[in-house]
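Q: Residue strings, one per chain:
Protein chains: 2
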Amino acid sequence: MQNRQDAPIGIFDSGVGGLTVAEEVMRQLPNEKIVYFGDTARVPYGSKSKDTIIKFSKQIIRYLRTWDVKAIVVACNTASALALSEIKEELDIPIVGVIEPGAKVASEMTKNGKIGIIGTEGTINSHIHTKLIKEHKPTYQVTERACPLFVPLVEEGFFLDTNVTYEIAGKYLEVMKENEVDTLILGCTHYPFLRDTIRKIMGPEVNLVNPAYETARELKKMLSELGLAASAEATAGNGAGVTADLKAAEASSRMLSTQTSVGTGMHRFCVSDGADKVAHFAKERFPFPVENVMQVNIEEY
Amino acid sequence: MQNRQDAPIGIFDSGVGGLTVAEEVMRQLPNEKIVYFGDTARVPYGSKSKDTIIKFSKQIIRYLRTWDVKAIVVACNTASALALSEIKEELDIPIVGVIEPGAKVASEMTKNGKIGIIGTEGTINSHIHTKLIKEHKPTYQVTERACPLFVPLVEEGFFLDTNVTYEIAGKYLEVMKENEVDTLILGCTHYPFLRDTIRKIMGPEVNLVNPAYETARELKKMLSELGLAASAEATAGNGAGVTADLKAAEASSRMLSTQTSVGTGMHRFCVSDGADKVAHFAKERFPFPVENVMQVNIEEY
Chain A
-2 MQNRQDAPIG
8 IFDSGVGGLT
18 VAEEVMRQLP
28 NEKIVYFGDT
38 ARVPYGSKSK
48 DTIIKFSKQI
58 IRYLRTWDVK
68 AIVVACNTAS
78 ALALSEIKEE
88 LDIPIVGVIE
98 PGAKVASEMT
108 KNGKIGIIGT
118 EGTINSHIHT
128 KLIKEHKPTY
138 QVTERACPLF
148 VPLVEEGFFL
158 DTNVTYEIAG
168 KYLEVMKENE
178 VDTLILGCTH
188 YPFLRDTIRK
198 IMGPEVNLVN
208 PAYETARELK
218 KMLSELGLAA
228 SAEATAGNGA
238 GVTADLKAAE
248 ASSRMLSTQT
258 SVGTGMHRFC
268 VSDGADKVAH
278 FAKERFPFPV
288 ENVMQVNIEE
298 Y
Chain B
-2 MQNRQDAPIG
8 IFDSGVGGLT
18 VAEEVMRQLP
28 NEKIVYFGDT
38 ARVPYGSKSK
48 DTIIKFSKQI
58 IRYLRTWDVK
68 AIVVACNTAS
78 ALALSEIKEE
88 LDIPIVGVIE
98 PGAKVASEMT
108 KNGKIGIIGT
118 EGTINSHIHT
128 KLIKEHKPTY
138 QVTERACPLF
148 VPLVEEGFFL
158 DTNVTYEIAG
168 KYLEVMKENE
178 VDTLILGCTH
188 YPFLRDTIRK
198 IMGPEVNLVN
208 PAYETARELK
218 KMLSELGLAA
228 SAEATAGNGA
238 GVTADLKAAE
248 ASSRMLSTQT
258 SVGTGMHRFC
268 VSDGADKVAH
278 FAKERFPFPV
288 ENVMQVNIEE
298 Y
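Top to bottom, those sequences are chains A and B.
As numbered in my numbering, residues -2 to 298 make up the first sequence, in order.
As numbered in my numbering, residues -2 to 298 make up the second sequence, in order.
What the hints contain is simulated information worked out from the structure, not anything from laboratory work.
A couple of the hints might just be wrong.
Repeated chains share a single entry, so a pair holds when one copy, or any two copies, can fit it.
In the SDA-like style, the derived pairs of lysine to any residue whose C-alpha atoms are separated by at most 20 Å in a straight line are [claimed, not checked]:
(1) Lys168 / Asp158
(2) Lys55 / Val293
(3) Lys47 / Asp273
(4) Lys197 / His277
(5) Lys274 / Glu118
(6) Lys174 / Gly110
(7) Lys47 / Val293
(8) Lys30 / Glu215
(9) Lys274 / Asn122
(10) Lys108 / Glu202
(11) Lys274 / Ile51
Construct the complete structure from the given sequences, taking the supplied hints into account.
A: So this is what it looks like as structure tokens:
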């Protein structure tokens, strides 16, 4: 199994937003190598059909497998919502998405049983969070809201801390306040960049759940159980006992953790368009170096 | 030549915005058949690289040629700005984009020689309008501004007539007012949907140029000169004399004409994703029936 333990983890997203998940994986699994793929030629996925998202996801997984990855993380909420179950059936390596971990932690954190979920049209219209939450907690009330302008607002940057963003977010989140949600899942990798605005609107008492943290945790647990954790990781005792670590001490960092420096190891970053632009964007937003971004003709896979 | 005259015209865009150009072509060339292709699987083009836009455009043209089109209209401003000159070199049928016609009419309409252009990042960063205008009028002053939030605002719809859109547009157009432009090119097919807001900000004296009208005119002229106009069209005397028609009487409709009913003929509408959604969107926004929208796997071309 030595070879498989040393193999990299493939992480993919429709664009660069998934780097927030990559960052969390680097932080929690500092000995793992990552191959990141961002589908910048076809971004965004949020408003596209299930069939198209499945096709794109399969192409990307075929590409990631050329790197002999030992596991895959679907960092994109839309792809996790629309394609994960179909992909899983055909795949002989472990795969984890961002939906289940987010839904799970929200169910654990809520006190009044009223959970909110915001995401792209594709994610929200899949109603997957509601299904997952109600499977275990049928009496819980889940409020769903698509926020199509949040991604372009983050990518534009210009209006981030202005009245414009506050007004737009206010409209989108109105229903969350009306329905008294006490826990809100940020169901899109771009949304943590709007956390200050969302926090201001929702108030200090509401839990804001960033699924990146739980996804990395889930991945760590899965690799340990399967004996696939990278060597140094495996010897550090982060194996089967990881579940027991889920304690109140972690509760605060399970939400929106502040960015800190993380190890870079031997990571690879690949995109389907605009490698230079991605390197530049990542340099401004992420605490780890994203260098030598490779451009891949993903349609060939 | 009979066969070629009866062949359809191919029109393409990154998505559904180019239907505004198709509408103008239907209005001005009511006897022509159209094959429209919208690349909804990979929309938007506005922030993607030149190489990628060229690749996508070539695939679409290969697809349109399977319909044996006699001419091609690049309805997408970004593709016109970034890919038209490269495509033209390899193509043996006539092709027209939306940039040159828009730049030309703006140059004719301005009184103070101060022209503004708004569009996507790709269009604006190409500086193609400025180059075209300055080629003929080197003393003219051109003010460029990318407005990345306009397309998502139109597609979201929800905020169209609200203070949010007014504030965003106000920020984007500030520089146009500062530089005293008297003629503003709406260099993206989605922008005419924001004309009321733009008009309110720019004032009643400023010319708002929608390149769709001039593009259809240019196409009509080109088909006539090449003897490619559809039969009934050719007999209606809209041939070589068309240039002389460009008179003051037309000046108002050269700008943002109101939508009126147009003939539908035997048009085809194709997209790379979400055919049903497109049919629904088109039904709400366009005065012609868009039925039986075909879905095409464009990456195969």
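Q: Would you mind marking each hint as holding or not holding in the structure?
A: Now the hints, each set against the structure:
In this assembly of identical chains, the alpha carbons of Lys168 and Asp158 lie at most 20 Å apart whether taken from the same copy (16 Å) or from different copies (14 Å). Taking the shortest alpha-carbon separations for Lys55 and Val293, both the intra-copy value of 15 Å and the inter-copy value of 18 Å come in at or below 20 Å. Within a single copy, Lys47 and Asp273 get their C-alpha atoms only as close as 30 Å, which misses the 20 Å cut-off; across copies the closest is 13 Å, which meets it. Proximity of Lys197 and His277 under a CA criterion of 20 Å is satisfied in neither setting, with 29 Å inside one chain copy and 37 Å between copies.
In the homo-oligomer, the alpha carbons of Lys274 and Glu118 lie at most 20 Å apart only across protomers (12 Å), although the nearest pairing inside one protomer, at 26 Å, exceeds that limit. For the homomeric pair Lys174 and Gly110, the shortest alpha-carbon distance inside one copy (14 Å) is at most 20 Å, but the shortest distance between copies (52 Å) is not. Taking the shortest Cα distances, Lys47 and Val293 sit within 20 Å of each other only across copies (15 Å), while inside one copy they are farther apart (23 Å). With identical chains, the CA atoms of Lys30 and Glu215 are at most 20 Å apart within one copy only, with a shortest distance of 17 Å there and 56 Å across copies.
With identical chains, the CA atoms of Lys274 and Asn122 are at most 20 Å apart between copies only, with a shortest distance of 13 Å across copies and 31 Å within one. Taking the shortest alpha-carbon separations for Lys108 and Glu202, only the intra-copy value of 11 Å comes in at or below 20 Å, while the best inter-copy value is 58 Å. In this homomeric assembly, Lys274 and Ile51 come within 20 Å of each other (Cα to Cα) only across copies, at 18 Å, whereas the closest approach inside a single copy is 26 Å.
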